[in-house]
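J.: Listed below, chain by chain, are the residues.
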Amino acid sequence: MISAVRSWPKGRAGTRWLLGAGIIACLVMLPVIALFLQAIQGSAGLWSHLVSTVLPTALVDTGILLVGVGLITAILGTSTAWLVTAYAFPGRRLLEWALLLPLAVPTYIIAYAYLDILHPIGPVQGAIRWLLGYSSAREFRLPDVRSMTGCILLLGFVLYPYVYIPTRAMFLTQSANLIDASRTLGISRRAVFWHVALPLARPAVAVGVSLALMETLNDIGASEFLGVRTLTVSIYTTWITRTDLPGASQIALSLLMVVVALVAFEKWARGKQRYSTGAQRSRAFEPRRVSPAKGLVLLSAGIVPILIGFGAPAIYLVNEAWKRIEFAGISPRFLSEAFNTIVLASAATIITVLFGLLVAYASRLRPGAATAWLQRLSTLGYAAPGTVVAIGVLIVLATFDGFIDRTAMAWFGVSTGLLFIGSGAALLYAYSVRFLAISAGGIDAGLARIPVSFDHASRVLGQSAAGTFRHVHLPLSKAAITAAGLLVFVDCVKELPATLLLRPLNVETFATHLYGEAARGTYEEASIAALAIVAIGILPVILLSRMGQGRQ
Amino acid sequence: MNTSSVAKSTLFMASLLLSTSAVSAAELNIYTTREPGLIQPLLDSFTAATGTKVNTVFMKDGLAERVATEGESSPADILMTVDAGNLIDLVEKGITQPVESTVLTESIPAQLRDANNHWFALSMRARVIYAAKDLDLTAFNYEDLADPKWKGKICIRSGQHPYNTALFADHIAHYGAETTEKWLTGLKDNLARKAAGGDRDGAKDILGGICDIAVANSYYVGLMRSGKGGEEQVTWSNAIKVILPTFKDGGTQVNISGAAVAKNAPNKAEAVKLLEYLVSDEAQKIFAEANFEYPVKAGAAVDPIIASFGELKIDSKPLTEIVSHRKQASELVDKVGFDN
Chain A
1 MISAVRSWPK GRAGTRWLLG AGIIACLVML PVIALFLQAI QGSAGLWSHL
51 VSTVLPTALV DTGILLVGVG LITAILGTST AWLVTAYAFP GRRLLEWALL
101 LPLAVPTYII AYAYLDILHP IGPVQGAIRW LLGYSSAREF RLPDVRSMTG
151 CILLLGFVLY PYVYIPTRAM FLTQSANLID ASRTLGISRR AVFWHVALPL
201 ARPAVAVGVS LALMETLNDI GASEFLGVRT LTVSIYTTWI TRTDLPGASQ
251 IALSLLMVVV ALVAFEKWAR GKQRYSTGAQ RSRAFEPRRV SPAKGLVLLS
301 AGIVPILIGF GAPAIYLVNE AWKRIEFAGI SPRFLSEAFN TIVLASAATI
351 ITVLFGLLVA YASRLRPGAA TAWLQRLSTL GYAAPGTVVA IGVLIVLATF
401 DGFIDRTAMA WFGVSTGLLF IGSGAALLYA YSVRFLAISA GGIDAGLARI
451 PVSFDHASRV LGQSAAGTFR HVHLPLSKAA ITAAGLLVFV DCVKELPATL
501 LLRPLNVETF ATHLYGEAAR GTYEEASIAA LAIVAIGILP VILLSRMGQG
551 RQ
Chain B
1 MNTSSVAKST LFMASLLLST SAVSAAELNI YTTREPGLIQ PLLDSFTAAT
51 GTKVNTVFMK DGLAERVATE GESSPADILM TVDAGNLIDL VEKGITQPVE
101 STVLTESIPA QLRDANNHWF ALSMRARVIY AAKDLDLTAF NYEDLADPKW
151 KGKICIRSGQ HPYNTALFAD HIAHYGAETT EKWLTGLKDN LARKAAGGDR
201 DGAKDILGGI CDIAVANSYY VGLMRSGKGG EEQVTWSNAI KVILPTFKDG
251 GTQVNISGAA VAKNAPNKAE AVKLLEYLVS DEAQKIFAEA NFEYPVKAGA
301 AVDPIIASFG ELKIDSKPLT EIVSHRKQAS ELVDKVGFDN
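These protein sequence lines map, in sequence, to chains A and B.
First residue of the first sequence: 1, per the numbering used here; consecutive thereafter.
First residue of the second sequence: 1, per the numbering used here; consecutive thereafter.
Each hint should be verified, as a subset may be incorrect.
As the list claims (entries may be wrong) - Lysine-lysine pairs mimicking BS3-like chemistry, simulated, CA-CA at most 30 Å apart: (1) B/K60 with A/K323; (2) A/K323 with B/K228; (3) B/K60 with B/K248; (4) B/K133 with A/K323.
No wet-lab data here; the hints were simulated from the structure.
Okay, chain A solo, but in the shape it has when bound (with noise of 0.2 Å):
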């Protein structure tokens, strides 16, 4: 016990711990530098070809959707969490958990929805028509969804979900006691919004936005469809059309570096602030009551985002299901794809959300570069295109299979074949490789605001870290971590690329038979899946806010 404390915080268990995260980084670099090295195989011609032709448009494309996303993001999560943390009024336990829904919409289901109830005969533009009596899509239309600015909009109002969940758990732990030494100090509640909360929030905003830019990037289904050249769109092309892996991983990676730029970035400009409260149990901050009129400005504000991110894709979805029950039934087939895609989420959401804690809690034991950069170099996989991770996989785990099969066959003579590729164990460990990032950064920021004193208490009363992780850290953080955890479960099953590319013979998944579907243009046969992989989504929603309300 003595050692234990005076060794601290380079205590062995430190160690052990670190040595874990170690572990987890290198799992998640593996396939990061299995593409390194088909990068180096060279790409003649590829980059002069780029520089003089795609690069401009797509970095600038690039560059205005990520600037766009992450505005829209960080204003419509920022402020919605504002507004159920700071108000009371009716309706604002229902917006509470309302406006986690759009989480549960996939980027490319989004695009097909919009396009549709976007389009010239939809019934948008068809009410539009009518209510000014035109009676042709000829005489009248409405700009095409199909642009920038429609992939800004839609994609924005789907992910904002990633900056409202992190920084509203932030405002309803931040120290109420703050709250009130600002109104005492005699300033506006808007006052605190601008100069207290959001200040102390800023880690949790990053978070998120990082998030929502990071998903940004990774989509194909939506920008593509849209017609929005971005960089990503750029990998897929120089890969799959001219055949040239060596020329995609390379720009893969050169992409990956501009995330970590980012990331880095991001850190940077943090500084050295810290950001947990004091040891005292905060009080939680309590609503304002608003007038029955503001109340119903406020609840009309919270909603608007509600119904564009959710309520119309779904309501359309619902339809389209529907006219498809109704015109061919329900196949057999929807069972086993719901039991293939619960049990493979729900796998992966147990093995990511354990690796995220040991990584965060090794960087809470041992704070310094080296946990820094650990927990950076793990999440390295979510910046990645999906396809691309699951390339690296490919070849990591086609090395494993191969030395195991190898070792086997001169010990005891018996060839293993292949034991992880096409196998579900190939797909667990893409997604841990992908959402990593999802589960340690919620996770982190989530004990980010346990002071450091309840560490130093815990081990001078002489708990092994181990033990002070269970009995301090683990209850204080558990709703981090069951947000990480949900947000990591919602993401697989929304995962096409990795999931498409690597999973078992016979195994088909929501959305891999909705991409089927989409891809021969057949949407509507697909419709019960979205929808199946839409009400997947809300679940967790649903439990969130229950969780919620509980502590409240």
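Position chain B against the provided structure of chain A, taking the given hints into account.
T.: Coordinates of chain B only, in the frame set by chain A:
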């Protein structure tokens, strides 16, 4: 929660999921980029006829990479894909093997299979023009797509989509890169909207008044007009008529769907049997009736909806020549900013 329980649960989950990978030897495994809905009827009738169970996994990008990394242990027997370029890629990556079968060589015309019997076309589709029904237009040349009289009136999907790069590569085969660049610039200037979306959107966009003509594949019209996708699509497809365009000095550009036997196929005999089945009269009929594709076998009937477009005169340029221009076509698409 400590590290050892982390490790244990990870191992547990892994072992649980590993068990799904076992595949018994008496079956046949297909890796396909053709959507399950399209090939399942064919596979079902093969299983009914032979008793061989067929396992499939549908993928899109990376099929070749997966087979290549799986190496000698790969369970894949048949690799199935669309676009001649994709088939030739499989051969160039060294993951296919030649098949000696007189059934295949007698059923499939020589220009629709590999000279060394590595791949075989199973069906064809034509790159056609959808035009607004009331438009005064009965014949069309691909060259006309760049004619300024169509300014703001043409819809097409991304220039980087394999269906389009194949068409553009065919244009290069006819006229060379320089002329094709001018043609692409002209076509780009004629677009009514961004080059995006899918082929079927062309029909919808014509109905929605966005464009007058659209470049798209032949079989979508069959899917829509047959009512298989519901009433709404019949309306879309009735808003358009289909014209089989030709190059001035050639015919209509067609692309293929096809298959190859994997180099390390564990069940080669069954794989060859399936390929032979797929060019049988029965299977070719399913290709034509269920998918509205053109059969490859001489004498096999085309679906009436597709037949109503008129006689298909296939362009003279060999598939291998078109494929050799694919990369150049893709680079030209970037160069003229086709998709911007």
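J.: Each of the hints needs a verdict: does it hold here or not?
T.: Now for the hints, and whether the structure bears them out:
Restraint check for B/K60 and A/K323: the C-alpha separation of about 28 Å stays at or below 30 Å, so the hint holds. Proximity of A/K323 to B/K228 is assessed by CA-CA distance (about 13 Å); at most 30 Å being required, the pair is judged to hold. As the CA atoms of B/K60 and B/K248 are separated by approximately 34 Å, the hinted pair breaks the 30 Å bound. For the given pair, B/K133 sits about 27 Å from A/K323 by alpha-carbon distance, which is consistent with the 30 Å threshold.
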